[in-house]
Amino acid sequence: MAEVTIQQLADAMYDLVKSTHGKKNLKPMDVTKAMIDQFGEDSVDKALCKKALRELIDTGRCIYKYAGGSFVTLPEN
Amino acid sequence: MADERITDIGPPHYEQFLPEVIKKNYGKWDYHEILKPGVMVHVAESGDKLFTVRAASPRLLAITTIRKFCDIADTYCGGHLRWTSRNNVEFLLTDEKKIEPLIKELADYGFPVGGLGAKLSNIVHTQGWVHCHSSASDASGVVKAVMDELFPYFTGEKDLPAKTRIAYACCLNMCGAVHCSDIAILGVHTRAPVINHAELPKMCEIPTLVASCPTGAIRPATVDGKQSVEIVEEQCMYCGNCYTVCPACTINNAKTDGISVWVGGKVSNSRVPPKFSKLAIPYLPNNPPRWPEVVEAVVKIVETYAAHARKNERLGEWIDRIGWPKFFELIDQPFTKYHIDDFKHAGETFMRTAQLRH
Amino acid sequence: MTETKRKTPLIDELEKGPWPSFVKEMKKEAHKPITRDAISQLERSYEEHISHWKHGGLVGVMGYGGGVIGRYSDLAAEFPGVAEFHTFRVNQPSAWFYTSDALRTLCDIWDKHGSGITNMHGSTGDIVFLGGTTEAIEPIFADLTANGWDLGGSGSNMRTPSCCVGPARCEWACYDTLNACYNITQSFQDELHRPFFPYKYKFKFAGCPNDCVASIARSDCSVIGTWKDDIQVNNAKVKDYEKQGLDLNADVCDRCPTRCMSWDGKTLAIDNSNCVKCMHCINMMPKALKPGKERGATILIGSKAPIVGGALLSSVFVPFLEMDPESEYSDLKELTEAIWELWGEHGKSRERVGEFIQRVGLSNFLEEIGLEPVPEMVMHPRTNPYIFFDDEIFEKAE
Numbered sequence: 021m022a023e024v025t026i027q028q029l030a031d032a033m034y035d036l037v038k039s040t041h042g043k044k045n046l047k048p049m050d051v052t053k054a055m056i057d058q059f060g061e062d063s064v065d066k067a068l069c070k071k072a073l074r075e076l077i078d079t080g081r082c083i084y085k086y087a088g089g090s091f092v093t094l095p096e097n
Numbered sequence: 002m003a004d005e006r007i008t009d010i011g012p013p014h015y016e017q018f019l020p021e022v023i024k025k026n027y028g029k030w031d032y033h034e035i036l037k038p039g040v041m042v043h044v045a046e047s048g049d050k051l052f053t054v055r056a057a058s059p060r061l062l063a064i065t066t067i068r069k070f071c072d073i074a075d076t077y078c079g080g081h082l083r084w085t086s087r088n089n090v091e092f093l094l095t096d097e098k099k100i101e102p103l104i105k106e107l108a109d110y111g112f113p114v115g116g117l118g119a120k121l122s123n124i125v126h127t128q129g130w131v132h133c134h135s136s137a138s139d140a141s142g143v144v145k146a147v148m149d150e151l152f153p154y155f156t157g158e159k160d161l162p163a164k165t166r167i168a169y170a171c172c173l174n175m176c177g178a179v180h181c182s183d184i185a186i187l188g189v190h191t192r193a194p195v196i197n198h199a200e201l202p203k204m205c206e207i208p209t210l211v212a213s214c215p216t217g218a219i220r221p222a223t224v225d226g227k228q229s230v231e232i233v234e235e236q237c238m239y240c241g242n243c244y245t246v247c248p249a250c251t252i253n254n255a256k257t258d259g260i261s262v263w264v265g266g267k268v269s270n271s272r273v274p275p276k277f278s279k280l281a282i283p284y285l286p287n288n289p290p291r292w293p294e295v296v297e298a299v300v301k302i303v304e305t306y307a308a309h310a311r312k313n314e315r316l317g318e319w320i321d322r323i324g325w326p327k328f329f330e331l332i333d334q335p336f337t338k339y340h341i342d343d344f345k346h347a348g349e350t351f352m353r354t355a356q357l358r359h
Numbered sequence: 003m004t005e006t007k008r009k010t011p012l013i014d015e016l017e018k019g020p021w022p023s024f025v026k027e028m029k030k031e032a033h034k035p036i037t038r039d040a041i042s043q044l045e046r047s048y049e050e051h052i053s054h055w056k057h058g059g060l061v062g063v064m065g066y067g068g069g070v071i072g073r074y075s076d077l078a079a080e081f082p083g084v085a086e087f088h089t090f091r092v093n094q095p096s097a098w099f100y101t102s103d104a105l106r107t108l109c110d111i112w113d114k115h116g117s118g119i120t121n122m123h124g125s126t127g128d129i130v131f132l133g134g135t136t137e138a139i140e141p142i143f144a145d146l147t148a149n150g151w152d153l154g155g156s157g158s159n160m161r162t163p164s165c166c167v168g169p170a171r172c173e174w175a176c177y178d179t180l181n182a183c184y185n186i187t188q189s190f191q192d193e194l195h196r197p198f199f200p201y202k203y204k205f206k207f208a209g210c211p212n213d214c215v216a217s218i219a220r221s222d223c224s225v226i227g228t229w230k231d232d233i234q235v236n237n238a239k240v241k242d243y244e245k246q247g248l249d250l251n252a253d254v255c256d257r258c259p260t261r262c263m264s265w266d267g268k269t270l271a272i273d274n275s276n277c278v279k280c281m282h283c284i285n286m287m288p289k290a291l292k293p294g295k296e297r298g299a300t301i302l303i304g305s306k307a308p309i310v311g312g313a314l315l316s317s318v319f320v321p322f323l324e325m326d327p328e329s330e331y332s333d334l335k336e337l338t339e340a341i342w343e344l345w346g347e348h349g350k351s352r353e354r355v356g357e358f359i360q361r362v363g364l365s366n367f368l369e370e371i372g373l374e375p376v377p378e379m380v381m382h383p384r385t386n387p388y389i390f391f392d393d394e395i396f397e398k399a400e
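The listed protein sequences derive, respectively, from chains E, Y and F.
Numbering follows the working numbering, in which position 25 of the first sequence is assigned residue number 45; successive positions increment by one, without gaps.
Numbering follows the working numbering, in which position 36 of the second sequence is assigned residue number 37; successive positions increment by one, without gaps.
Numbering follows the working numbering, in which position 268 of the third sequence is assigned residue number 270; successive positions increment by one, without gaps.
Isolated chain E (complex conformation) (with noise of 0.2 Å):
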């Protein structure tokens, strides 16, 4: 079984974001899962996304919105 570190995980959420922009909001729950789907529920489980999220938002990779709910999107600009 192929270990995911959180960094691969945050790129790969970074990369779905970043796939998605504009076209749908995803929240943090749809990243989750899309990366439980990509990588396998064996390999990553909801914490380790949850800290994959994390570490993708206090970069400022990633910023929260809110439009009526919470969604991850990229920031502006």
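There could be a bad hint or two in this list.
[What the hints assert, rightly or not] Derived DMTMM-like pairs (lysine to aspartate or glutamate); straight-line CA-CA distance at most 20 Å:
#	chain 1	residue 1	chain 2	residue 2
1	E	Lys70	F	Glu339
2	E	Lys53	E	Glu96
3	Y	Lys301	Y	Asp343
4	F	Lys245	Y	Glu330
5	E	Lys71	F	Asp192
6	Y	Lys159	Y	Glu314
Hint data in this document are derived by calculation from the structure and do not stem from the laboratory.
All of these numbers come straight from a predicted model, not from anything done at the bench.
Starting from the known structure of chain E, arrange chains Y and F on it as the hints suggest.
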């Protein structure tokens, strides 16, 4: 990074803000008594006494005022004060002799005391035009206009049968959760949103927008060659959920937005279980700066309740006893088609008995 | 940068009258250009009968998904001071107790960075700072945290919990609401600051069934203090109330929802097995009656305002739960995490947990989170015969 970033510390621990008399008697209070309007005493098992003076507040407070409250608290209360869940400010004293000077200083500064027990408390309310994007009306202004008229019920000059809770929300989002109040004043939108087709594709995600409508009134559509949505106006109930999700669906309308009045709700469990407020008046005009139609209607309800209800009977309990036909007659308002529910589970509100008052 | 002071005849009208005036409050801070423009824009709303604020946007402090709510003027050219006029929610201390020193610190921070206008407090319970620029967000946060304060919640996360005055000043508190509120807030800091849910999730802690924080109407998780054993009665003091004019039969016994008490002029007899803890008799005679000694809380789930699927009151999940501070509220936390797991995974965007429960069915929900159905959860059993039967019913029948 020069400094370590501080996050996730949460609120300060409450204990550091408690007066000594509370720390000493925490969880060991014996009873309380209302001494006069706006003043109560809590007596501990130890015999210690804590006096509370409750003053009105418009919820929106300048830091100038908060600093003044701090000075007052320093003078009379050893620097201790708190706020209530209905936005009243409370000063906490141990020296009974300081109560009257405190009340005088508050009154001189424009903050009357009252609202305890079987009285009208402060009106909890929302932001309105002061700070909200989806408000159908102002909030602070309507509250001020209503409370100016109902003032004697707060100060205790006029009596009420039981405690009375009025709440105000400036749209159906109900940041003030007014739906379980003796009297709820609620700003309403009354027309379907207007779509800005030029902006919509840039600002909003169409599937999310379509899914946001609880009645399925929003459909994807191509307008002038651009992806957008159309609204089936007959299906729209003006909840504004689409506007929350998509700023290009403007629900605010200066001409048609108005104010509704609801009655008979409560949250406490005393005697009868908590109840929702029910529609009394579907629409009154939005008429700043003093909303005379709203004020008149609310005052009429309060005065009628004060005159007719029995002791300890909340407004909703009174209506349950006398029946809705009598209530509408007494408050001099018509019962209309708008009063009959037509949303989910509407049938639960139909009268299915011959037990009627004739 | 509005040079001349605009006239505001409409809102000036609201400086008159005996009730404290929010217009006066705003004008106390009118020396700040940002506040002056907010006042002028409000006058415009009063003239035109419409709000001039625009929607949220992408504002917040680094790392958090809540606590700052974006607000922009749609008249920014005319009122540049309020082009950005964001809200800051600051997590209040339990039961809204303050010292003057603590409040002055908050005032100084807000004086330095923003409009000087506050709400004490917002509807969920936070201290609300109304009106600051995007540029001010990080400096405000730095000053707040340096002084021991943190932001509250907004967006699809756990919202700032709040509680009643509880044992700090109320003889009816059946558990320590201040401690429970603080403990839950601190334990779920991640959930408070980083949205991970379909929509908001609120906690409110009420010490007794009087529910002074309206928890049953306003929180996804309503924790309402209650007791199991007998109401404590001091008959001599009951008699005192009668002597002072209280009609024990009309005002107390006849108003009891289950008629479980009677008064013969000497003894208040209570059938405690039939008491539903409504608080009426205790409210009427605080010196004579008190809640029982075996205290805890009822946990109810799911209340909300109308948007989207209609307003709901919370409904009973756990009829009686001990709320010993020593336990760190582990049972409540376990229940909460089970609810978040299920609703978090399957809830739709903007679907509150109360609506989710209605969609999937309470029985299914209970089964998934591992709670046994008990009759306290319903007003009465179902009246329709459309039952979804599982195979296990045949096994049990044999």
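Now the hints, each set against the structure:
Only pairs whose Cα atoms come within 20 Å are accepted, and E:Lys70 paired with F:Glu339 is accepted, the gap being roughly 15 Å. This hinted pair does not check out: E:Lys53 and E:Glu96 have alpha carbons roughly 25 Å apart, beyond 20 Å. For the proposed pair Y:Lys301 and Y:Asp343, the alpha carbon gap of about 28 Å is over 20 Å, so the pair is violated. Simply put, F:Lys245 and Y:Glu330 have alpha-carbon atoms about 39 Å apart, too far for the 20 Å limit, and the pair is violated.
A hinted pair counts as satisfied when its Cα atoms are at most 20 Å apart, and E:Lys71 with F:Asp192 qualifies at roughly 11 Å. Taking the CA atoms of Y:Lys159 and Y:Glu314, the gap is about 16 Å. The hint holds against a cut of 20 Å.
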